[in-house]
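Knowing the structure of chain A, use the given hints to seat chain B on it.
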Amino acid sequence: MLDFLKPSVAALQDFFILAGRALRNVFRPPHYETDILLQMDIIGVGSLPIVILIGFFTGVVITMQMSRALAQYGAVDQVGPIVAITLVRELGPVLTAVLVAGRNASGIASELGSMKVTEQIDAMRALGTDPIQKLVTPRMIATAVMLPMLTVIADFVGLIGGYAIARLSIGLTTSQYWTSAYRALEYNDITQGLLKPFVFAFIISLVGCFYGLRTTGGTQGVGHATTQAVVVASVWIFVITSLLTRIFVNLH
Amino acid sequence: MENQPSDAILLRFENVTISFDEVVAVNDVSFEMGPGETRVVLGAAGSGKTTLLKAAIGLIRVDSGRVFLLGHDITEMDERQLFDIRSQVGVLFQEGGLFDSNTIAENVAYPLVNGKKHLDAQAVETKVEDALRFVELGQTLDKYPNELSGGMRRRVGIARAVITEPPLVLYDSPTAGLDPITATTIMALIAKERDSINAANLIVTQRYQDGQLMANFRYNRSNGQLEPVSKNGGGDQEGSNPTHTIFMVMKEGSLIFEGTQARLEASTDAYISKFVPQHHN
Chain A
1 MLDFLKPSVA
11 ALQDFFILAG
21 RALRNVFRPP
31 HYETDILLQM
41 DIIGVGSLPI
51 VILIGFFTGV
61 VITMQMSRAL
71 AQYGAVDQVG
81 PIVAITLVRE
91 LGPVLTAVLV
101 AGRNASGIAS
111 ELGSMKVTEQ
121 IDAMRALGTD
131 PIQKLVTPRM
141 IATAVMLPML
151 TVIADFVGLI
161 GGYAIARLSI
171 GLTTSQYWTS
181 AYRALEYNDI
191 TQGLLKPFVF
201 AFIISLVGCF
211 YGLRTTGGTQ
221 GVGHATTQAV
231 VVASVWIFVI
241 TSLLTRIFVN
251 LH
Chain B
253 MENQPSDAIL
263 LRFENVTISF
273 DEVVAVNDVS
283 FEMGPGETRV
293 VLGAAGSGKT
303 TLLKAAIGLI
313 RVDSGRVFLL
323 GHDITEMDER
333 QLFDIRSQVG
343 VLFQEGGLFD
353 SNTIAENVAY
363 PLVNGKKHLD
373 AQAVETKVED
383 ALRFVELGQT
393 LDKYPNELSG
403 GMRRRVGIAR
413 AVITEPPLVL
423 YDSPTAGLDP
433 ITATTIMALI
443 AKERDSINAA
453 NLIVTQRYQD
463 GQLMANFRYN
473 RSNGQLEPVS
483 KNGGGDQEGS
493 NPTHTIFMVM
503 KEGSLIFEGT
513 QARLEASTDA
523 YISKFVPQHH
533 N
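Protein sequence lines, in the order shown, are assigned to chains A and B.
Residues 1 to 252 in our numbering are what the first sequence spells out, letter by letter.
Residues 253 to 533 in our numbering are what the second sequence spells out, letter by letter.
Next comes chain A alone, as it looks inside the complex (with noise of 0.2 Å):
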């Protein structure tokens, strides 16, 4: 009767079978230091000037939709805190982890799907080393630790945007917005804004490899996977940050 539920409850089976493997070799030798550095420039550094660009305009928009709306009120000076905490707590977070989902876990579902269906992961077992602890757990743990400086610069680009428009355009004074902006955090807010990129990191490179690495088909198949593991990394993306918001604005 429920058959039709078989194969997506198997694929998550797999998921964290795999996610399950990618944690152990963490603390498992061999460690494969260069892959993981090479990765953490490929998805940190490599992400930087997008996630700079889109910070920055995400602050701009914000600052002036809320002005508007804050002018009703007479409130504009509240504009600084608004943009901070929006920032810091959600878009900041969900934004890059958005980009780095579409930029890097397409990137390894392409890569590691066109090695599946070259057989050269096989050829990688066949040389006696494991593809997760050389693929998947070098990947998961760039992203894990890139992905929330990414998010601090892209929270810090964005204030900086939302200055430009409360100093140039409405006219606010810098100390103004900055005090007020810097007043409103509170380390509620920071410890989502940095747990947040933090649990997004595991999504985003653990399906990019789960679709990589479960590529069938040809040059089709990889194709496949890398939009499969873009769709399913950014609707995860939006239903964790849900869950974790929930939770963080109850405890406040």
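Honestly, the hints are just simulated from the structure, not real lab data.
Incorrect hints may have been included.
What the hints assert, rightly or not - Computed cross-link-like contacts, EDC-like style, restricted to lysine to aspartate or glutamate with a CA-CA straight-line distance of at most 20 Å: (1) A:Lys134 x B:Asp336; (2) B:Lys368 x A:Asp35; (3) A:Lys116 x B:Glu331; (4) A:Lys134 x A:Asp122; (5) B:Lys368 x A:Asp130; (6) B:Lys369 x A:Glu33; (7) A:Lys116 x B:Glu417; (8) B:Lys369 x A:Asp35; (9) B:Lys369 x B:Glu417; (10) A:Lys134 x B:Asp352; (11) A:Lys6 x B:Glu331; (12) A:Lys134 x B:Asp330; (13) A:Lys134 x B:Glu358; (14) A:Lys6 x B:Asp330; (15) B:Lys368 x A:Glu186; (16) A:Lys134 x B:Glu331; (17) B:Lys369 x A:Asp130.
Just chain B, lined up with the frame of chain A:
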């Protein structure tokens, strides 16, 4: 570890059967090979040759029977332990199996860099250069696999398979898709490798000529030439077999022949004579 064959046996199949979705790929196959032996597995496409080779290193699990590799029963061994044993065996994949985002030098160095023994960068470099010179590709270190021809990629694959000087090397269709001249070059290299590091070889192929070269030629280390081996008493059914080459023929998953070249050529089986030109009729 009861029922374990002696260390002298490198690879042993005991009544191995493997099937995929009810199609039997390997049917009740048993054989064993010792050090210095060359095994040539002949068979049509889809006869289970490649499956046999993959089962030998546990890439494919057997449905029944047992597989022993380098003295270990790998039939139910978990993947982590298998990685260790596999790294002691050389494998050449059908298309070379090279990592296409790594350079040739990185590909050949892979078993050394990712192996258990830690070698310093200088030692790795020297070994890689030697291995590539051995396959006559000394100039290609910084190229990528897709910049090389099919035959050259196969040679890089051989260099990677033998760089650790393993006691056993498996070749999956080393000459498939190559022109006859390149194919002969590749087989000459495999013979050269065999006689240089004294490895045992399991060669899966569709071409009888590949096996013929392995059985009848030997690499002379002193002059660097491939020479025909002398066969005394050639008319004899068993013949002498100085290269220790044994032929095996697979048909629809079953092992239908196992023996020397002389016996193979004397066979009157219709399937076998499709591969083997009959000399003695």
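For each hint, the structure was consulted:
1. Proximity of Lys134 (chain A) to Asp336 (chain B) is assessed by CA-CA distance (about 14 Å); at most 20 Å being required, the pair is judged to hold.
2. For a cut-off of 20 Å, the pair hint linking Lys368 (chain B) to Asp35 (chain A) stands: about 17 Å separates their Cα positions.
3. Between Lys116 (chain A) and Glu331 (chain B), the direct Cα distance comes to roughly 18 Å. Compliance with the 20 Å bound is thereby established for this hinted pair.
4. At roughly 13 Å between alpha-carbon atoms, Lys134 (chain A) and Asp122 (chain A) fall within 20 Å of each other, so this suggested pair holds.
5. For the proposed pair Lys368 (chain B) and Asp130 (chain A), the alpha carbon gap of about 13 Å is at most 20 Å, so the pair holds.
6. The hinted pair formed by Lys369 (chain B) and Glu33 (chain A) meets the criterion: a straight-line CA distance of about 16 Å does not exceed 20 Å.
7. Restraint check for Lys116 (chain A) and Glu417 (chain B): not satisfied, since their Cα atoms lie roughly 27 Å apart, outside the 20 Å limit.
8. Between the alpha carbons of Lys369 (chain B) and Asp35 (chain A) the distance comes to roughly 19 Å, so the proposed pair stays at or under 20 Å and holds.
9. Taking the CA atoms of Lys369 (chain B) and Glu417 (chain B), the gap is near 13 Å; set against the 20 Å cutoff, the hint holds.
10. For the suggested pair Lys134 (chain A) and Asp352 (chain B), the alpha carbons sit about 16 Å apart, so the restraint of at most 20 Å is met.
11. Between Lys6 (chain A) and Glu331 (chain B) the CA atoms are separated by roughly 26 Å; this puts the pair beyond 20 Å, and the hint is violated.
12. Annotation: proposed proximity of Lys134 (chain A) to Asp330 (chain B) holds, straight-line Cα distance about 18 Å (limit 20 Å).
13. At roughly 15 Å between alpha-carbon atoms, Lys134 (chain A) and Glu358 (chain B) fall within 20 Å of each other, so this suggested pair holds.
14. With a C-alpha separation of about 26 Å, the suggested pair Lys6 (chain A) and Asp330 (chain B) falls outside the 20 Å cut-off, and the hint is violated.
15. For a cut-off of 20 Å, the pair hint linking Lys368 (chain B) to Glu186 (chain A) is broken: about 49 Å separates their Cα positions.
16. Of the supplied pair hints, the one linking Lys134 (chain A) and Glu331 (chain B) holds, its CA atoms being roughly 14 Å apart against a limit of 20 Å.
17. About 16 Å separates the Cα atoms of Lys369 (chain B) and Asp130 (chain A), which keeps this hinted pair within 20 Å; it holds.
Going down the numbered hints, you'll see the structure goes against 7, 11, 14, 15, while the others check out.
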